[in-house]
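Starting from the structure of chain B, add chain G where the hints point.
As a plain string of letters, each chain reads:
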Amino acid sequence: MKKANQPLSPFLPGTRIQYAWDSTSIGYIKTCPRLYQYIMLDGWTPKEDSVHLRFGQEYHKALEEYDGAKISGQNHEESVRSSILNLLHRIHDWNPDVSTRAGNYKNPRTLIQLVLDYLDKYRDDPAQTIIREDGSAATEVSFRFELDWGPEAGYQPTPIMMNAEGLEEPIDIRPGRITYVDKGSSIELKPVQGQPYILCGHLDRVVTFNDQIMVMDHKTTTTAAGSYYMNQWSPNNQMSLYTLAGQVVLGGVIKGVIISAAQILLDKPNAFERGFTFRTPAQTEEWIQDLRIHLHMAEQYATINYWPQNDTACDKFGGCKFRGVCSKDPSVREAFLKADFIKLPEEERWNPLKPR
Amino acid sequence: MTDELNDIDYLMTLDPMSLSTAEGTLGRKRLDAIIAYHRNQRAVKEAGGKRPKKDSGPAVKIDLQALGLKPVMPTIKRRI
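Going down the list, the sequences are from chains B and G.
When the letters of the first sequence are read in order and numbered with this note's numbering, they come out as residues 1 to 356.
When the letters of the second sequence are read in order and numbered with this note's numbering, they come out as residues 1 to 80.
Please note that the accuracy of each hint is not assured.
Stated by the list, open to error - Once the Cα atoms are required to be at most 16 Å apart in a straight line, the calculated EDC-like pairs of lysine to aspartate or glutamate come out as:
#1 K45(G) to E77(B)
#2 K121(B) to E46(G)
#3 K29(G) to E77(B)
Keep in mind that the hints were calculated from the coordinates and are not lab data.
Isolated chain B (complex conformation) (with noise of 0.2 Å):
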């Protein structure tokens, strides 16, 4: 039995075909099948705190709760305070190895440098948070929403149906295959049952900028927030999905992200640079296109229990933290990942239905 709270599992029951979807779970199985399977199915996770995750998340959350105190009637002053004061209980006990690179840049004194930086750099923001109809700040937007068509394995044939000639006959209602043939004529059948493909996820901030509604980004980095930078997010798998996801959850008027970078300085005052990512109807349709193909692969992987490496990617991003396991033999693979990796108990693996 469920307990209360408990998120609902992002797989088919008694499957690993995976209906629920979030970008980074799509990032992961476009990037490589191994990683999705690493990370999503076998629950595996660096030993170590994720120092750029933690890091990640407390600076979206003290500017979320920045805008949160702004909307409800504080100034700026008051605001900063309300948002400083709730990230130092947050990370009163957060010590990372400063002398990591990654701890050198991201820490606890970082951290409140460039929340605060933020804040005053933007205190006239020209992009306004849009507040939703109960009163609250667009921030941290949840978003949930079907696909037209699922999982082939969450359509089941329906038992038997009787045809022209009066013999039963199985019905197959997968959505779009036409499967009752009438003495020539075919019938086609919408699903009547089954599980669709599910996308979920969180929009950081909705906005409205120069009269039309974005959808904001925040991000960090050590590197220089330039066109170089800029350029990643288009294509880009998150940024297609928030825009779609803007639209459906706004009604179509969503145009692209605003990217709002941040980057961490240690000799320098913290730099902040915005750049936007547009999508046009046509681009949209063509990464849905595309997704489904790709779902329909983590389908078919799921199904025959085997997740191919797509050995061109272990070099992205700063180098796959899986490859020191991925270049050992097979055999001796599990121990690899035993000594240098958790596995985390089902309930705390990434988990695209998990609210926030």
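Chain G only, in chain B's frame:
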């Protein structure tokens, strides 16, 4: 003399529950000191100053006594 890096570390490792935001409380002063410290750090960097090294003396002095505090435990050393 306690250098300022250790002072701010000390201030940040205090029980956050003590950092009340109620007007006029000592806790609020401590919170404001943390915010002021980081704003000063930004100003120093904007003026072209480098991050102070641990042994280079304070760039921004925090008066712990004025905040009703004095370190009661060894200060935490961080290499920033």
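Outcome of the hint check:
no. : hint              : in the structure
1   : K45(G) to E77(B)  : 22 Å, violated
2   : K121(B) to E46(G) : 13 Å, holds
3   : K29(G) to E77(B)  : 14 Å, holds
Violated hint for the displayed structure: number 1, the only one.
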